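Trainee: Given the coordinates of chain X, work out where chain Z should sit on it, guided by the hints.
Protein sequences appear in the order of chains X and Z.
Under our numbering, the residue at position 79 of the first sequence is numbered 79, and the numbers go up by one with no gaps.
Under our numbering, the residue at position 46 of the second sequence is numbered 46, and the numbers go up by one with no gaps.
Just so you know, the hints here were simulated from the structure itself, not pulled from any lab data.
Everything numeric in this text was worked out from a predicted model, so none of it was measured.
Hints are not guaranteed to be accurate.
[To be verified] Derived DSBU-like pairs: lysine-lysine, alpha-carbon spacing no greater than 30 Å straight-line:
1. Z:Lys187 to X:Lys52
2. X:Lys52 to Z:Lys50
3. Z:Lys131 to X:Lys178
4. Z:Lys143 to Z:Lys131
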Amino acid sequence: MPKIKMPKGTPSIDMTPMVDLAFLLVTFFMLTASFRNAEPVTVETPSSISDKIIPENILMVTLDKDGRVFFNLSDAEARKEMLNNMLQKYKIGLSEEKIEEFSFMSTFGCTMQELPAYMNTEAAKRASFPTQGIPSDSTKNELLDWLSFAATAAGNTGRTAFEEAKLKGGEPKMEDFKPKFILRVDSKTLYKDAQVVIDVFRDLNLNNLNFVTSAEAIPVN
Amino acid sequence: MAQIAESGGGDHGKGKKRAKKGSTHVDMTPMVDLAFLLLTFFVLTSTFSKPKVMPLAYPAKPKINDPVPPKANNVTTFVLAGDKVYYYRGEFYPKSRPGANGPTELTEANFGTGENSVRKLLASWNEYVIKNKVELDKKLEKKQISDSTYDAKLNDLTVKREAVKVLIKTDDKALCKSFIDLVDELKIASIGVIAPTDLTAGEKELLKAKN
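For reference, chain X alone in the conformation it holds in the complex:
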């Protein structure tokens, strides 16, 4: 009777399928992941049952838990227009380079006086820039100016995008291209502080606001 020979040497497993799968997953995650821009504030939003995802063309005011006001406009083209209008109104100079940089930033928050210094700060250190946020009280309402210039600029770019979509065919709705007004508040922000910002929106006759919330399960009854 012949003996069963055990194979000599180390047993090798074919790893190829596993590695293939690993690479497939890596590719998938790399392509689907979208990187968020660094934000100068961290905000913990309250939760709601709403399932509407955040729209594209937005003006977003962020309030941190101390009531500091930050602002973000999503469209780069509109940001430039808004900034130029603001610089002109407040007679503040900023280099062409910095204006370009500003148009690709995300949320920012500082007074117009602080803006040149804010822009000269390294991007990574802007989060710790000492500021009280954008002033929004009645004596020095810079937020009102930002918002009104931003609403006009975003309205213009929205209209251009709508015309382009129409040329491409299909039946785009103008409603989808209009800028939306988003308010992002921290759970611990006093409503009183949010009300100041809401009143600025209402002064500009922008009454349809959206609160950013994290998703929550809909109760079953």
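Mentor: Same frame as chain X, but now just chain Z:
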């Protein structure tokens, strides 16, 4: 010895050098290690839930020439004070001018799901709308009505006499969390008319007495 030594000096007379036979194995281990490292990184950092938005229409600021708006019926007022929530139904009657059921009093509610919770109270007050909405939902599911008709009908439903309308008033210490929670509860109870407004002097007095 006219040959030029190709390498070293040791291998004299052993003929041509041959290329190594067998498969050319490249060690894949570092690459695979890296691939898994990247995989772990992307799995851990990617977030799938995009933030959501909750729409809320604020009343337009009254202009000077605006006519006095007519009084709505079936109004419930919620007052957010600090971390507490109070409510009263109907019009506000101060002590000096009590209504049919005496002066208005604030009743405390909570954001739970049990007794006296905002959810339960609203579900019973707004039963009419909720019942009709269920029928509309069914019709929409069976595709008997279009999305736009559904929206229009739901809108009509929420402004009817029987539907509850809500005023939200907040004091200086109310947090945004309770405000959003309340609006969320109102949306769960399918209330369509929501108006955040300011506290009146009479309500402030009642609040003071509560604390």
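Trainee: Can you give the numbers of the hints that this structure goes against, from lowest to highest?
Mentor: Violated: hint 3 alone.
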